[in-house]
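Chains as they are written, first to last, in the working numbering: chain A, 1 to 289; chain B, 1001 to 1278; chain C, 2001 to 2395.
Check each hint, because a few of them may be wrong.
[To be verified] Short derived list, chain A residues pointing at chain B, Cβ under 7 Å:
| # | residue |
| --- | --- |
| 1 | Val11 |
| 2 | Ile18 |
| 3 | Ala22 |
| 4 | Arg48 |
| 5 | Leu93 |
| 6 | Arg98 |
| 7 | Phe108 |
| 8 | Ser113 |
| 9 | Met116 |
| 10 | Met121 |
| 11 | Tyr136 |
| 12 | Gly139 |
| 13 | Met222 |
| 14 | Ile229 |
[As the list claims (entries may be wrong)] Calculated cross-link-like contacts (lysine to any residue; reagent style SDA-like; alpha-carbon spacing at most 25 Å):
| # | chain 1 | residue 1 | chain 2 | residue 2 |
| --- | --- | --- | --- | --- |
| 15 | B | Lys1221 | B | Leu1064 |
| 16 | C | Lys2348 | C | Lys2368 |
| 17 | A | Lys10 | B | Arg1161 |
| 18 | A | Lys4 | B | Arg1167 |
| 19 | C | Lys2020 | B | Arg1265 |
| 20 | B | Lys1005 | A | Leu194 |
| 21 | C | Lys2391 | C | Asp2321 |
| 22 | A | Lys96 | B | Ile1010 |
| 23 | B | Lys1007 | A | Lys10 |
| 24 | A | Lys96 | B | Arg1265 |
| 25 | C | Lys2348 | C | Thr2317 |
| 26 | A | Lys7 | B | Arg1167 |
| 27 | C | Lys2178 | A | Thr186 |
| 28 | B | Lys1134 | A | Tyr28 |
| 29 | C | Lys2126 | B | Val1165 |
| 30 | C | Lys2020 | C | Leu2049 |
| 31 | C | Lys2020 | B | Phe1101 |
The hints are simulated quantities; they were obtained by calculation from the structure and are not laboratory data.
Note that CB positions come from ideal geometry on N, CA and C, so glycine has one too.
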Amino acid sequence: MKMKTRKNLKVLLFLLPILLFAVVFVYYPFIRNIVNSFSLVNAKGEIRGFAGLENYRYTYGRKDFPQALKHTLLIAAINVPATLIITISLALLANKRRRLSPLYETLFTMPMSVSMSAACMIFKSMFSPSVGIINYVFGLKIGWFESKETALAACLILTIWMGIGFDFLLMLSALRGIPSHIIEATRVDGISPLRRIFRVQIPLISPTIFYVFCTNFVLAMMTSAPMIIIMGVSAESSATNTLMSMMYQSGFSSSDYGLAAVLSITAFVLTLGFTILSFVFERKRVHYQ
Amino acid sequence: MMRLKTKNAIKDTVVSIIAIAIGLIIIFPIIYCVCGAFKTESEFLTPNLLPGSFSYTKNFSDALRKGDLLRYIGNSFIVAFFGTLIRMVLSILAAYAFAYFDFRFKNVLFFLILGTMMIPGDVLLATNYLTISKLHMLNTYFACMVVSFVSASQMFMLRQRFMSVPRDMREAAQIDGYGDLSYLITILIPICRPVITTLFVHSFINLWNAYLWPLIVTASKPAMRTIMVGITKLNSWEDENYQLVLAGVCISLIPSMILFIIMRRNMRKGGMEGSLVG
Amino acid sequence: MASVVLKNVSKIYPPAEWAKIRKKDQASDLNASPQLSEKGFAAVTDFSLEIRDKEFIVLVGPSGCGKSTTLRMIAGLEEISGGELYIDDRLVNEIEPKDRDVAMVFQNYALYPHMTVYNNIAFALKKRIRSKAEIDRKVREAAEILGITEYLDRKPKSLSGGQRQRVAIGRAIVRNPKVMLMDEPLSNLDAKLRNQMREELLTLRNRIDTTFVYVTHDQTEAMTLGDRIVIMKDGFIQQVGTPQEVFENPANTFVAGFIGTPQMNFFDASLERDGQRYTVRMGNFHADVGEEAARKLAFNNVTGGDIILGVRPESITETEDEVSFSARVGVLELMGSSVHIHLEHNGKKAIMVTQVLGENGKLKMDYKPGSIMRFRFAREAMYLFDRQTGKNLEV
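Taking the hints into account, I'd like the entire structure generated from these sequences.
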């Protein structure tokens, strides 16, 4: 069985590298997170004993936790439908291939190439109360980042903008993937464009819509960078915290790893729970061909 | 017949104009950024969108000098390039094993790797930070890229592509005297080059654009910052110095913009717009 | 230039593996196959054959008979589940394909799409020969033989099917392998090209001195190319022999039906023994089997009873005689100089081939569809098979 042994060795060699990193940098930290959340963890990240639910009680009892939770859910609740509506509309607009298609398709997808931190800096500048162009154009005098509500609104616009490019691309290729004879059939049958969109095209791209829904939802639940970059890390800025930016603050600025673990797990469980729920829903509403 | 054609042409033109107008609104932040980067300090205080002249480059030189951006660009390049390279190697090897070998626990291992997609990286930040610090690897390039080495979606796409290559290709190479590794390098990778290039570019942009993780692992040594971390620190010296920040942002956008345009063209040519899912 | 010896070679796909293969091939009709047991799917069972040096062996059989699996075991692409395989007296069961010194031509050619024809052919040599000049010489020589010199700089994509086929063959012969394996190399070509390539293979075969193992489902290819033919079914060898042997003395009804087109007709008949004499009886028709056949039958201790009577379509003749059987004439298929006449006798279908080209160059056809006519067979043209086992009673 020399050949077999050699083959098994080869399999090991091909798979070991990726497995090693998957275990050390995904599964181990994931499990460690769970363990940490039930432990007394010191500022060096070492476990100093069993804490039971103490970390959870402490985290959930903090004044800023309900706020962070509320912001996270709010961002997800607005970001996801907004992105879907915007990208589906753009894709419907761009669906037909025209002479200028490459131009406006590129324009629509361009936000995709802008990184989160670059976008944050641009938006921070645009929304600046003194020199920012937003206040000027709309004739406003808002100190966007001074009040919680306007700061969150600005962050929301930013995160929606970030998602447009890639999701538009997915929607567009899904729309163009609909067999042309189906669209031709609706034209022969004299179905109005509006009916065609809502009764034919959107149902047919529902798998992609569902995919975009899920990935966007996860991304939105993990929102933290705008809060960290734009608002900075300070006591006042915690007013706009999301779960993940709160974790960043607690984990790295105050080295409270028990708190960080609880927040991570909370965000993860919420995300997973909603995703599973949407999969249940998916079975009923998403059409696969 | 003619009337219908003219009507359609008019409709297309109108839609195109509307689409371009919307497109310009969408990329307005980018336009704003580029214009702002060329403004003088006093121009920035006026509400004009366009700068007085696009030849005013003091912001760029200031950003590069004061912000140490050149160094950060170098850091980012190293992290993005080698991180992507290692990621590609790992995914290609794993994809090959899953596409061509039969072995015990194949399904278990496959789902173990795909399972990493279920866990958002942000959730792992704190514990991964502790691992890196225990390994005494904070403030290293390796630390900046290590969490990106595993890409299940990339592995999955490569496996799909590999499986679409006829099996007798590998058998022909075997009979021609080539083992798995030399088949992979001399035949399979060249055959799959379009997909591999696209994945490489995509991954490079992702690593180039990464923010939170590099921020955390390079917190104590500014010289190791990546460009994306660097630009967020630009306006902490002179407050509100936005033209400097925007110049830095512009610089940081150049590589990803170029790659983005290349990738768009590639995808249009290859008709594989949907293949980037994940 | 080597002998290949297979000793009781078998291939069993374990159930799990088989389930995967079946899913891929969608061959659901194999579900009820007798080859399937709790041990898995027996693709090849007890295959024993000695292939002599420089012999041209053709493995032939319907799809799923195990012929390709056998070939792939010889190549080393498929693990051998049981038995022994020797190439040039060396046991190669555990030897990787690259170390067996075999070359193979694949059904879909398996040309490397990103390489030029030249590099496709040179690819295998690069692993074995250092000298660039030597490689170049060999590649050009092979290209010369196959007439593809002018395409050397092209990529496979820009070649026609026949040209690709030549490149695939070139890639194999350039190495001068011990054994040349060919897996249905002509099945992707259209009929005209296939005939032409078959002829070229015959010429090629005379130019390169090596052992050939050739797999096909096409009995014409098998008959024209092979020194010996191995006919397989359900993973078992049915018969091994020269084309003439298997045609004249098929071992069973399967071989008899498989070799020859249109295929042999089978009728239910009975055999009567009277001392040293045997008589075949079918309705009104009866015939003595003849002395030689009778001797063989007696030697095999055949007692008589229900048999299957096999007659090739060319051996049925029209008759006015009383000692004959009547059949209804069905569809006529004019093939050119001959006509295929579909007959129906006692609800059983048969086919008869007869020459209709007259000496004056005109076709002479006076068969009327729907009419009832009488037919008989020559006694030498009768094949007698056991009704239960299908075995040829004279072998």
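Is the straight-line distance between the alpha-carbon of B/Lys1134 and that of A/Tyr28 25 Å or less? holds, 14 Å
Pair hint A/Lys96 and B/Arg1265, alpha-carbon separation not exceeding 25 Å: holds, 18 Å
Are B/Lys1221 and B/Leu1064 close enough, with their CA atoms no more than 25 Å apart? holds, 18 Å
Holds or violated: C/Lys2020 with B/Arg1265, Cα cutoff 25 Å? Roughly 38 Å between the alpha carbons, so the hint for C/Lys2020 and B/Arg1265 is violated.
Decide if the proposed pair is consistent with the structure: B/Lys1007 and A/Lys10, CA atoms, cutoff 25 Å inclusive. Distance of about 64 Å is beyond 25 Å: violated.
Does A/Tyr136 pass the interface check with chain B, least Cβ-Cβ distance below 7 Å? holds, 4 Å
Does A/Lys4 pair with B/Arg1167 here, judged by a C-alpha cut-off of 25 Å? holds, 20 Å
Proposed proximity, C/Lys2368 with C/Lys2348 (alpha carbon, max 25 Å): holds, 19 Å
Against the 25 Å threshold, does the CA-CA distance of A/Lys7 and B/Arg1167 hold or violate the hint? holds, 18 Å
Checking hints one by one. Is A/Met116 an interface residue toward chain B, by the C-beta closer than 7 Å rule? holds, 5 Å
Return the status of the interface hint for A/Ile18: holds when the least beta-carbon distance to chain B is below 7 Å, violated otherwise. holds, 4 Å
For the pair supplied as a hint, C/Lys2126 and B/Val1165, is the alpha-carbon distance within the 25 Å limit? holds, 23 Å
Hint compliance for this structure: hints 4, 12, 19, 21, 23, 27 and 30 are not met, and every other hint is.
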